[in-house]
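Asks: Top to bottom, those sequences are chains W and V. All residue numbers in the first sequence are consecutive under numbering that gives the first Met the number 0, ending with 228. All residue numbers in the second sequence are consecutive under numbering that gives the first Met the number 0, ending with 404.
Hint data in this document are derived by calculation from the structure and do not stem from the laboratory. No experiment lies behind these values; they were computed from the predicted model shown. There are no misleading hints in this set.
Derived Cβ-Cβ restraints for the label pairs, each shown as a range:
#1 W:Ala29 - V:Gly290: 56 to 62 Å
#2 W:Ser57 - V:Leu386: 29 to 35 Å
#3 W:Ser142 - V:Ala367: 55 to 61 Å
#4 W:Asp74 - V:Phe358: 57 to 63 Å
#5 V:Gln17 - W:Glu75: 29 to 35 Å
#6 V:Gln17 - W:Phe10: 36 to 42 Å
#7 V:Leu399 - W:Asp190: 30 to 36 Å
#8 W:Thr16 - V:Arg390: 26 to 32 Å
Chain W side only, calculated, beta carbon under 10 Å to chain V, not exhaustive:
#9 Asp74
#10 His92
#11 Pro95
The list that follows gives simulated cross-link-like pairs (lysine to any residue, SDA-like), each with its CA atoms no further than 20 Å apart:
#12 W:Lys137 - V:Gly18
#13 W:Lys137 - V:Gln17
#14 V:Lys232 - V:Trp139
#15 V:Lys164 - V:Gln143
#16 V:Lys232 - V:His138
#17 W:Lys137 - V:His14
#18 V:Lys164 - V:Gln145
#19 W:Lys137 - V:Leu10
#20 W:Lys211 - W:His198
#21 W:Lys137 - V:Gln306
#22 W:Lys137 - V:Ala309
#23 V:Lys232 - V:Thr97
#24 W:Lys137 - V:Pro20
#25 W:Lys137 - W:Glu101
Glycine included, every Cβ here is placed at the ideal spot set by N, Cα and C.
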Amino acid sequence: MIRLEQIGRDFQVGDQTVHALNDISLQINAGEYVSIMGPSGSGKSTLLNLLGLLDRASSGHYFLGGRDVTALSDDEQAHTRNTQIGFVFQAYHLVPRLNAAENVELPLLLGGVAAEERRARVGRVLEVLQLADRAHHKPDQLSGGQRQRVAIARATVTEPSVLLADEPTGNLDQHSGLTVIDALEALNARDITLIMVTHDAAIGRRARRQIKMVDGRITADQSSHDASA
Amino acid sequence: MMRLHSGDVTLFAWHALQGYPARTLLMLIAMAIGVAAVVVLTSLGEGARRYVSAEFASLGTNLLIVIPGRSETAGINPSTMMGETPRELTLDDARSLTRSFSVRRMAPITVGSANVMAQGRQREVVILGSSHELLAIRHWRMAQGQFLPGTDLDLATPVCVIGAKVRNEIFAARRAVGEWLRIGDRRFRVIGVMGSQGRSIGVDVHDTVIVPVASAQQLFNQSSLFRILVEAKSRSAIRPAKQFVTDTLRERHQGEEDVTVITQDGVLATFDRILQALTIAVGGIAAISLGVAGILIMNVMLVAVSQRTAEIGLLKALGANRRQILALFLSEALLLSMLGAVLGLVVGQLGSLAIRYAFPLLPAYAPAWAVSLSILVAVATGVLFSLLPARRAAGLDPVLALSRR
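Using the sequences plus the hints, can you model the full thing?
Replies: The following block contains the structure:
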């Protein structure tokens, strides 16, 4: 369902061109659970941004659900992000003035979903993530783990096919981190493709497929089955 | 294409304004000051205009003043070179002007100055020769006694009405009504004292002695009139009355149009135009503060965009397109401008009320055009000056925006 063909991403820094991604070719099937690991500056977040259509490749082609999305207009990319992709960030990125339910509601609001349906869907997803009793709490009234679960609820309320998580446990203690990973894995179990960037090898190893990157290149791509073999 | 519901946009904007109370309050105050300034200053201008109009109305808005000579032919021309003067206005001319349905009343005027004396005191004062009708035409009031009797214009009755200042200086604390007053070489019985009105179109009523027009003509040995005051029956009768006066006097003066008829209405219209221009000018000056408020809004919105960069990045990650971000930020500005305008309107109206309370004579009401225009300008300014920050927000790169904390 996700296919990258010889993707490159260059940045201009002063007079120098930095090759953040080099000739990345990759296929991720629907419902897969993939972790991307690597040292800082290896290009894993850049790859995640490209997969999430937040950034554009300098070269190569990106196919999402069989459609070439590389050259989509800004508006078409925005629409695709809204309907097919969910993001979970390390810093949660919750809007502080909105309560949990309102934060979760945001992608539906941007998608033009009617208020009644929005309320129903937000209620359901908060229930699934065991946050129903926190619906009217502002982010500063929630623990780190709860905030990240609100962010996961927001990422999945539109029922996307792909969930992209960038260091989702980076700001959490071990217990909260595991709770969040459990929640993400539960969603993956419902056939949502989960792609997670992480520094944490222990968490990365939980994914059935692990991709390692160094200097903008994929240096290893193995499934747990291969690794155990 | 995804469409935001307007109610959702408004609610989101409302939440955003609530989320930053200090910033919101600052911009509200700026906008409110602008609108309030326009409302208060135009209400002052409008108050002055209404006050002047009312003052003119009290003098008689339906008044026509007939002056001998044509204003257009004044100055040096062949007739004046040969020593000719404009044809005089006579009492017969004056009498002829009452024979029209459009004319309510008429008062001939003769003016001169003479020594007045009583009980050993004397001084020189303006002597006004006129008729019984002058009191009503000029909307004057009597303090004591009565005005000139309604006798025939040719009758030089030896009676006079004196101004308050003349009364005080000649009669001091003694009773004036019923006493004799010597004017020039004639004696007149004081029959009334004028009320407290001050200067009225060039005549200081306080310092005047009013006598029957025929008596004044005898005093000054002249048969001409200084002018004739004619009151039309109504505002709509001014034009036919003016036509009647012009036609009648032309006929009486052997077909020559040698008088000038000034209407109070014309003078009032001129004042009206001047004060209207003044109101617009002060309104315009006040509107500058709306521009200043707009610049403040732009600055604060730019700061807001900078502070909310991560939020904008998030909205983009969640699928907001450029137009939606633009709509969200412009809605905030629109909501803010509207709230500021309403607040300014309330403050401005309270200011006008305070002016009316402090200066009861000044009917300081902001004109409707100023109120609606100030609101319109406030909203337009707010939205216009928010375009740049909103466009900046809409153009942010989502990856960079999300990396800002």
